[in-house]
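> Guided by the hints, dock chain B onto chain A, whose structure is given.
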Amino acid sequence: MKKLTRFFLTTGEISEFAGRYFREAWFPPYEIQELLKQCFLIGNKSFALVSITGLIMGIVLTLQTRPTLIEFGAVSMMPSMVGIAIVREIGPVLTALICAGKIGSGIGAELASMKVTEQIDAMEVSGANPFKYLVITRVTATTIMIPILVVLSDIISLSGSALVEYLKGGVSFELYFSKVFEYLQFGDLLPSVIKSFFFGFAIGIIGCYKGYTSTRGTEGVGRTANEAVVIASMLVFILDFIAVLVSDIFYEL
Amino acid sequence: MSYDMQHSIDYKTAPVIDIEGLYKAFGSNRVLQGFNLKLWAGENLAVMGKSGSGKSVLIKCIIGLVRIDQGKLLVLDQAVDQLNLRELDRLRSQIGFQFQGSALYDSMTVRENLEFPLKRHPLKQVTEKELELLVTEALEAVGLLNAINMMPSELSGGMKKRIALARTLIMQPKIILYDEPTSGLDPVTAKEISLLINEVQNRFHTASIIITHDLACARISSNRMIILHNGINYAEATYTQLGTMKDGVIQAFFV
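From first to last, the protein sequence lines stand for chains A and B. Going by my numbering, the letters in the first sequence line up with residues 36 to 288, in that order. Going by my numbering, the letters in the second sequence line up with residues 39 to 293, in that order.
Just chain A, same shape as in the assembly (with noise of 0.2 Å):
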């Protein structure tokens, strides 16, 4: 009952955090040199972990594949199903899983730090508003780049998916990536990269709320970073579910 009660009180508290940075992110001053200062290092410190799992998964999907579609004679059509597997679930959702590890508990360890040493406070009683110089502009960072991160990781993935294709059946990249986007729809894209706004949102407000309410000084630090990765990676697969349910009725309009 106490967990229950618990767990309600958290939803209530992220989604009031939540509203805060509706609230207040429209309203100037705007922190666009810190918005970008994120931006990069969001972007760029996890790209090469991105790739890396993105082009590991393109190869081991078409492998796995590969002896079924044989065994059917349907493996003229790796392509297509690679392809939309990866753009429309695989390539989103791992994206977004690495980044809730990687970003959500950077974003947490590092405002729960600031808030044990006091950082946090020194910033709002110098009438600096703190909640628009970290929040803000590391929620906005997470929202615009994960999208950015999984087109990039859809394509190496199915880069990867193509080399194998390549070495094992000599299908060229030209032949293999044009009867991908044969099947491959604006449809498929399209809700793929919608839901990766929610999933950077849902990172970027779980990291910063765990960091920004961080208690118990320094012990709080990691268990702030444990709860924000575990807290954000649920979020993923629940609001991949809820994206799913959604296309699944305009698909069938």
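If you are wondering where the hints come from, they were derived from the structure by calculation, not from laboratory data. A portion of the hints provided could be inaccurate.
[Claimed, not checked] Below, a list of computed lysine-lysine pairs in the DSS-like style, where the Cα atoms sit at most 30 Å apart:
no., chain 1, residue 1, chain 2, residue 2
1, A, Lys-167, B, Lys-212
2, B, Lys-167, A, Lys-72
3, A, Lys-80, B, Lys-157
4, A, Lys-167, B, Lys-98
5, B, Lys-162, A, Lys-167
6, B, Lys-157, B, Lys-98
7, A, Lys-167, B, Lys-167
8, A, Lys-137, A, Lys-38
9, B, Lys-198, B, Lys-167
10, A, Lys-72, B, Lys-198
11, B, Lys-162, B, Lys-110
12, A, Lys-167, B, Lys-198
13, B, Lys-162, A, Lys-72
14, A, Lys-167, B, Lys-157
15, A, Lys-72, B, Lys-157
[To be verified] Interface residues of chain B toward chain A, partial, derived using beta-carbon atoms under 10 Å:
no., residue
16, Lys-98
17, Asp-127
18, Ser-131
19, Gly-139
20, Ala-141
21, Phe-154
22, His-159
23, Lys-162
24, Ala-202
25, Leu-215
For each residue, glycine too, the CB sits at the ideal point set by N, CA and C.
Okay, now just chain B, sitting in the frame of chain A:
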């Protein structure tokens, strides 16, 4: 910086901080239980008390970081607990707060640390040229102009305290609240910081509350002292007067 260079305590006008019957509790832990305080313009007031006696809570109430439960809390004639965020920001622009751990922004250089509050304060607009001048003057005032491009991680504890003071001074405050300004410092550096607090008072004519349990700091930097005990101002006098009192609670600080 256009500060009055002549230091004198102004007892004629209203006190810059006026606290009467202040109560603050955290759950069942009653920290302040009817605390009273008056701080006059140009005065340095040291508040001493045991760890956990509510000294830091007191100044966090004054700056509006902690909400009071009950009592009168006037800062520059404004009731802190009744101000909205904008009004509180306006009031805070006249108050400097020196945190116990310095609270320098880790990811910024010393220059950026000093520029940060001034660039972002909604009520203070300065040009780049003025900003440069103010940063230079504030660092000169604490004797650390050569550290302008250093990161906080490269500074010693004493240097951090000085830079934090410079960051406070750049806002040209009327009141400065020091939270344990000499904690964690060796006696020599602690004395330097205490003398610097005095110098700031004399040079910029600021009124200050110095939260400390360092008797030497209180002796050097304060005009008057308050002993905070059991949530109330147990005793209030000058350092010399307190030193002659036979009360056990007071004498415990003078051992």
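> Does each hint hold? Answer for all of them.
Cross-check of the supplied hints:
no.: 1; hint: A:Lys-167 / B:Lys-212; in the structure: holds, 27 Å
no.: 2; hint: B:Lys-167 / A:Lys-72; in the structure: holds, 24 Å
no.: 3; hint: A:Lys-80 / B:Lys-157; in the structure: holds, 28 Å
no.: 4; hint: A:Lys-167 / B:Lys-98; in the structure: holds, 22 Å
no.: 5; hint: B:Lys-162 / A:Lys-167; in the structure: holds, 18 Å
no.: 6; hint: B:Lys-157 / B:Lys-98; in the structure: holds, 24 Å
no.: 7; hint: A:Lys-167 / B:Lys-167; in the structure: holds, 26 Å
no.: 8; hint: A:Lys-137 / A:Lys-38; in the structure: holds, 27 Å
no.: 9; hint: B:Lys-198 / B:Lys-167; in the structure: holds, 25 Å
no.: 10; hint: A:Lys-72 / B:Lys-198; in the structure: holds, 25 Å
no.: 11; hint: B:Lys-162 / B:Lys-110; in the structure: holds, 29 Å
no.: 12; hint: A:Lys-167 / B:Lys-198; in the structure: holds, 26 Å
no.: 13; hint: B:Lys-162 / A:Lys-72; in the structure: holds, 25 Å
no.: 14; hint: A:Lys-167 / B:Lys-157; in the structure: holds, 14 Å
no.: 15; hint: A:Lys-72 / B:Lys-157; in the structure: holds, 17 Å
no.: 16; hint: Lys-98; in the structure: holds, 8 Å
no.: 17; hint: Asp-127; in the structure: holds, 5 Å
no.: 18; hint: Ser-131; in the structure: holds, 5 Å
no.: 19; hint: Gly-139; in the structure: holds, 6 Å
no.: 20; hint: Ala-141; in the structure: holds, 4 Å
no.: 21; hint: Phe-154; in the structure: holds, 7 Å
no.: 22; hint: His-159; in the structure: holds, 4 Å
no.: 23; hint: Lys-162; in the structure: holds, 8 Å
no.: 24; hint: Ala-202; in the structure: holds, 8 Å
no.: 25; hint: Leu-215; in the structure: holds, 9 Å
Hint compliance for this structure: no hint is broken.
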